[in-house]
Amino acid sequence: MAKCDICQKGVHFGIQVSHSHRRSNKQWKPNIKRVKAIVNGANKTLNVCTRCLRSNAVARAN
Numbered sequence: 038m039a040k041c042d043i044c045q046k047g048v049h050f051g052i053q054v055s056h057s058h059r060r061s062n063k064q065w066k067p068n069i070k071r072v073k074a075i076v077n078g079a080n081k082t083l084n085v086c087t088r089c090l091r092s093n094a095v096a097r098a099n
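Using our numbering, the first residue of the sequence shown is number 38, and each one after it goes up by one.
Please note that a few of the clues may not be correct.
Claimed, not checked - Straight-line Cα separation of at most 27 Å, DSSO-like style, residue types lysine-lysine; simulated pairs:
id: 1; residue 1: Lys40; residue 2: Lys70
id: 2; residue 1: Lys73; residue 2: Lys46
id: 3; residue 1: Lys63; residue 2: Lys46
id: 4; residue 1: Lys40; residue 2: Lys73
id: 5; residue 1: Lys46; residue 2: Lys81
id: 6; residue 1: Lys81; residue 2: Lys63
id: 7; residue 1: Lys81; residue 2: Lys40
Don't read these hints as lab results, they were simulated from the structure.
Start from the sequences and build out the full structure, keeping to the hints where you can.
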């Protein structure tokens with residue numbers, strides 16, 4: 038679910054290390070918003086990251 042429909046940005050995995058150096062798995066999820074956009078002349082709901090929204094990579098529907 039946490040994937041941008043425009044740039045395919047998704048979840049990144051890594052290891053979180055505490056002060057005492059205990060290690061645990063961690064996920065970094067992109068900031069995904071559900072927006073109504075114009076695709077091929079029709080309105081469609083897309084999952085879009087905020088970077089694509091900010092760079093006008095998607096045409097918002099009114």
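With a cut-off of 27 Å on the C-alpha distance, tell me whether Lys46 and Lys81 pass.
holds (19 Å)
Given the hinted pair Lys63 and Lys46, is their alpha-carbon gap at most 27 Å?
With a Cα-Cα distance of about 17 Å, the restraint between Lys63 and Lys46 holds, given a limit of 27 Å.
Assess, step by step, whether the Cα of Lys81 is no farther than 27 Å from the Cα of Lys40, and give holds or violated.
holds (16 Å)
Mind checking the alpha carbons of Lys40 and Lys70 for me, to see if they're no more than 27 Å apart?
Answer holds: Lys40 to Lys70 is near 10 Å, not above 27 Å.
Is the Cα-Cα distance between Lys73 and Lys46 27 Å or less?
holds (19 Å)
Satisfaction of hint between Lys73 and Lys40, Cα-Cα up to 27 Å:
Distance ~16 Å between Lys40 and Lys73 Cα, so the pair holds.
For Lys81 and Lys63, compute the direct alpha-carbon distance and say whether it is at most 27 Å.
Given pair Lys81, Lys63 is violated - Cα atoms ~32 Å apart, limit 27 Å.
When each numbered hint is compared with the structure, a violation occurs for hint 6 only.
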